[in-house]
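These protein sequences, in sequence, are chains A and B.
First residue of the first sequence? That's 198 in the working numbering, and the numbers climb one at a time after it.
First residue of the second sequence? That's 2 in the working numbering, and the numbers climb one at a time after it.
No lab work stands behind these hints, which were simulated from the structure alone.
You can trust all of the hints, since none of them are fake.
Quick list of in silico lysine-lysine cross-link-like pairs, DSSO-like style, CA-CA up to 30 Å: (1) LYS271(A) to LYS252(A); (2) LYS271(A) to LYS465(A); (3) LYS450(A) to LYS339(A); (4) LYS465(A) to LYS159(B); (5) LYS273(A) to LYS465(A); (6) LYS159(B) to LYS252(A); (7) LYS273(A) to LYS252(A); (8) LYS34(B) to LYS307(A).
Pair ranges (Cβ atoms, derived): (9) ALA167(B) to SER493(A): 41 to 47 Å; (10) ALA398(A) to VAL49(B): 36 to 42 Å; (11) TRP87(B) to PHE259(A): 49 to 55 Å; (12) LYS213(B) to LYS465(A): 51 to 57 Å; (13) PHE103(B) to LEU395(A): 48 to 54 Å; (14) PRO283(B) to SER412(A): 41 to 47 Å.
Even glycine gets a Cβ: it sits at the ideal position worked out from N, Cα and C.
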Amino acid sequence: MTAVASKPPKSQRSPTFWRDTLRGYLFILPVVLGLLIWTFGPMIASAYYSLTNYKIIGVPEFIGFQNYIELFTKDKAFIQSLSITVRFGIMFVILSQIVGIGLGILLTQKVRGLTIFRTIFYLPIIVPAAASAVLWKYLYNKEFGPISSVFQALGLPSINWLGSPESALFALVIMTVWGSAVTTIIYVAGLQNIPEDLIDAAKIDGANGLQRFWSVTIPMLSPTIFFNVVTGIIGAFQFFVPAFIMTNGGPAKSTYFYNFNLYEKAFKWLEMGYASAMAWVLFAIIIVLTLFIFRSSPLWVYYEGEVRS
Amino acid sequence: MTSTTNTSTSTVYSTPNSAKIKAVRRRQEVTSKGFVYTLLIIGALVFVLPLVVMVSTSLKSYAEINSYPPTFLPNQIVPSNFVEAWNYPNTMFPRWTFNTIFIIVATVPGVVLSSSLCAYGFARLRFPGRNLWFMLVLASLMLPAQVTLIPLYILFHKLGWLNTFAPLIVPAWFGGGAINIFLMRQFFMQIPRELDEAAIIDGAGHLTIWWKIYLPLARPALISVTLLTILGIWNDFLNPFIFLSDPNNFTISLGLNLFRNYFPQLARTDYIMAISTLMVIPMIVMFLAAQRYIVSGFVTSGIKG
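With the sequences and hints as input, model every part of the structure.
Now the structure itself:
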């Protein structure tokens, strides 16, 4: 464990160097062991399984990159479930930023009773995934569901939200945006961190509300947007439980998410090797997307105090 | 939208004969306040409505939920739905609730103790490799659970832990999760170092400082970590779903999922909403009682990360 200790040459090390090192590692021992046992060990195992044919009974049979080749060349469900997940991710990330920023602005206005409004808007974070899924399944129901009756009362066409392939994915997006109050919470905190004198200065310079929003609020909020977009993408790519409970992947596989596919491969068909390969492809996609956003961030993320050439 | 702020600056910059301008501005403020309230109220209604429907449906009679057109509030309140759903044949809601509480009780001390111990090491001790390990802790947040899920399933299978609570409890004692370590570390770093220096002069070791000085001072952070852990376990579906298969060992989320499968055509939505309501109530109470701890937990793990 102390092999990392390379920097100060031996002569310059303080007399308590080894004692300090040992003490430090004793303090962080739980997480070091935890990472090794529950994260890095399994990662190595998973990487190996992904190169094998492994059906849990028996031993993994090494087959090289066969699983990956099959994924990208033969497996239609893989491409389809990936494209569903990407479409969901795009809709969810965009919509949840719009809703989050909109609510964030409303919830940082100087009006009375804000605490009550904040409580109401934050409340969906405490609703368990299973409860939220059965609730929205009822809300979306075409015959008895409240949304249908509201639409009917307004003279709008009744939509079979979860029952038709055109609307099911979008219905899940709406439900997820409702539940992602964490995004709003983080936007509220981000908006509260914007120095008021900046907004005031813009006001004195004659900027109207919209100009202040585009030229002051959004740039100052961009690190928060950056954070929420990255976590939103990571979350969207792991979406599974609501689709499992509400639509069972249907209708016509329109909500057969990537992780639904992965779950069935692993725990229904016990294709542990193949499912591991899918998990690594998922991880690779998340890394590539995150790196892409990180790389692009100098173009649109503004950090206070930074000097632009 | 943001024009309701600051009368102070407008007085500083206004000239004595600008009373007219001020009056106009005040009128604008009133209208924009009205606008803000309108949006807030509409938004709040939309956001709270699903939960209102949940509670309202749980109190409706069987005849009413199947009647047309649907009602918004129950015509006749039927609280017996709760009793009937709770004791429905082939369900074990008391047991499932007990199981969930058992997992919470067995997990929370592990999370609090191990995350704060590690956080103390990261915040206050100097040793080679510290930053590397901290980076690894944070990086682990990026890893999708699916990558480790399969090997962990196989590991737990080999250990004979499948269908026991061990996979849900034991890992939490090893650091208590990256977010919690981060949260505790942020809090510890704000504690003035003079405190530990004084304690060291008095002969206290770091373990004593962690236990006797940092933990008591970090009460708000400990509460945040505890509440977020409770919330996480109570609401978790995926982990129990993968690791538990015997209905005797189900958590309440799995129980609800089993229960709703008894009624594929939404026949007893009143029962399902009654169970959902029962499941949500403890979390709502917790949220109302300690909203700032929960919110600040989310904010710390979000903004500064």
